[in-house]
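**Student:** Spelled out from the first residue to the last, the chains are:
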Amino acid sequence: MSEAGMFGAHGTGDTSGFGGLVRSAAQTGSTERPYGGYFDEVTDDLERAYPLFSDAIERVVVDRGELTLYVKRDRLFDVAKILRDTPTLRFEMCMGVNGVHYPQDSGREMHAVYSLLSLTHNRRIRLEVCVPDSDSHIPSLVEVWAGINWHERETFDMFGIIFDGHPGLTRILMPDDWPGHPQRKDYPLGGIAIEYIGATVPAPSERRSYS
Amino acid sequence: MSTQDAYATSRETTEGRVYSVTGGDWDSLTTDIGATKEERVVVNMGPQHPSTHGVLRLILELEGETVTEVRCGIGYLHTGIEKNAEYRTWTQGVTFVTRMDYLAPIFNEAAYCLAVEKLLGITNDIPERASIIRVLMMELNRISSHMVALGTGALELGALSPMIFAFRERETVLDLFEMISGLRMNMAYIRPGGVAQDIPTGGVAKIREAVAKLRTNFKDNEKLLIGNTIWMKRTQNIGYLDLAGCTTLGVTGPVLRSAGLPWDLRKIQPYCGYENYEFDVVTTDTCDVYGRFLIRMKELEQSLRIIEQACDKLDATAGQPVMVADKKIAWPAQLAVGADGMGNSLAHIREIMGESMESLIHHFKLVTEGFKVPAGQVYVAVESPRGETGVHLVSDGGTHPYRVHFREPSFNNLQSTSAMCEGSMIADVIGAVASIDPVMGGVDR
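First to last, the sequence lines map onto chains C and P.
Numbering of the first sequence is given in the numbering used here, commencing with residue 49 and proceeding in unit increments.
Numbering of the second sequence is given in the numbering used here, commencing with residue 475 and proceeding in unit increments.
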């Protein structure tokens, strides 16, 4: 790969020092009980309402005062429905879903993160579903929370995660015929080279070792 | 090269080539259209249409003047801010996110910075004065944003004068922004750890003056619109969305409060010390455009109340720091307004260029490399003028964000267009969309 960049820079062209950092997406391990706050109550209530709890929930993580339930994708729909309908839980609102791409997390590269809000109890929790890149299918939750419709389309558009059962899973922000899913880590920053008479300023992804 | 077009025959004339669109299946096509009894028309409203609030495209299916189906086409203003932020330091991210919802830049900055601070674990170390300035700026911004919502909303329904008053008020607020941050929009004023600079000398007095002026000026629009028969006929029972609809569609902000639920994150999940301010959450139970208009109108007064309290608190905390004490995080330079505009303070330039090598190294490292943020993820939400602006940040322990995601209230609330408009008249679509107050910069990011 040629490293000659703009303004005669060679190598990475990086003067800041952070170019040499090895970045690995760290994952927080499972949290032990007690979780603190209302988190114990939420997990207990979910466990009571959903007999398959231990099978459905892979991990429970409490970090920085936020609860994350890692849900198996086959059980996601049931868990979501119970979280919404059980009177002691009542997560009536889903604030949306978005993806995170962890290429190093082999077999679980694509993560979908849902933030739920309970108006009744004034609580927030987060659901996270991890699926392999080669089979990135997750059941759609549009039937549970209609408002997640566009969020799932955006996540599909940006990450290529396919939400099975979505009423119309099409691109939403990028043009319909756009190749690739821009928010994935293997997708370059991109951009378009700017042309002047007699000179060209390269696209952002070509300027430095942004890749 | 073939000159024959599949859909149009052509012939050469003395004035050039002339095409005539005939043949093909046009004859049978027009016969088929004539045979259908319904008068169904599909209309593309936008993306370049003055009353679609920016580059929003509405695809309307009409039967006469009745709307049978509405779909939104968005993405025309997608700028890839979330992707770009992954390639910049945590501090530079502020400059990006402030451009998302460009009518509420301070809210984007505040939500983003609160999320970075939560990841860093320094939420409780933010100086009190910085939080007060944040609240002050957010409430000023709420006024300027609501002024656009009211002004353009009225303009789109045919009332021109409210827009003139609204933009006069907005200008007052933008002047304050310029005085405080140096910029009228997209200020990047709130930074991780605090704010870019303190309120200038004499600034609080000017804010108080502006508050008194705004309070009087708001009456102009109130007199024009509240109780105005034409305005009420155009807005009452239009764009109906009840509480169940709001809940299932995840709609927040004035639209949710117009369904009667006093859900305001400033009260319910306070941040930046909102629990120390006295204000009311405004609701109506009409579920319609008029209710949302009234809510925005009355929230202006509540914002003024908060600003006044913030001014008192600013007087009490004069001279206190506005940036976190931790020098590994705090931006090294304080900005100052000089004769030629805002820039790094001369005292700081003197220190790093002439006095201390260590200061220069520290400045250079922090500005180019940035600070590291412990790995993990957070979700932080603030009450923006349009509803819940949520930020989902993921850090891998590096100097850049691993993932920045904004849960934009405009993006989410725009989904409710179909629920509000299907079955109504085409003219009411404009009012309904205006009452959602979508900002396309936020929708498309």
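Because the hints were derived from the structure by calculation, they are not lab data.
What you are looking at is a predicted structure, and each value in this text was computed from that prediction instead of being measured.
Where a beta carbon is used, it is the ideal one built from N, C-alpha and C, also for glycine.
Check the hints yourself; a few may be wrong.
If you want a taste of the chain P side facing chain C, the calculated C-beta under 10 Å gives, among others [to be verified]:
no. : residue
1   : His552
2   : Leu593
3   : Met659
4   : Tyr714
5   : Cys720
6   : Thr721
7   : Leu735
8   : Gly747
9   : Glu749
10  : Asn818
11  : Tyr876
12  : Arg881
**Student:** Now tell me if each hint is right for this structure.
**Tutor:** Consistency of the hints with the structure:
1. His552: holds, 4 Å
2. Leu593: With a minimum Cβ separation of about 7 Å from chain C (threshold 10 Å), the hint on Leu593(P) holds.
3. Met659: With Cβ-Cβ at 23 Å, over 10 Å, it is violated.
4. Tyr714: violated, 16 Å
5. Cys720: holds, 9 Å
6. Thr721: holds, 5 Å
7. Leu735: holds, 7 Å
8. Gly747: This hint is violated: Gly747(P) lies away from chain C, its Cβ roughly 17 Å from the closest one there, beyond 10 Å.
9. Glu749: violated, 14 Å
10. Asn818: With Cβ-Cβ at 19 Å, over 10 Å, it is violated.
11. Tyr876: With Cβ-Cβ at 6 Å, under 10 Å, it holds.
12. Arg881: Since chain C brings a Cβ to about 5 Å from Arg881(P), closer than 10 Å, the hint holds.
Of the numbered hints given earlier, the model fails hints 3, 4, 8, 9, 10; all others are met.
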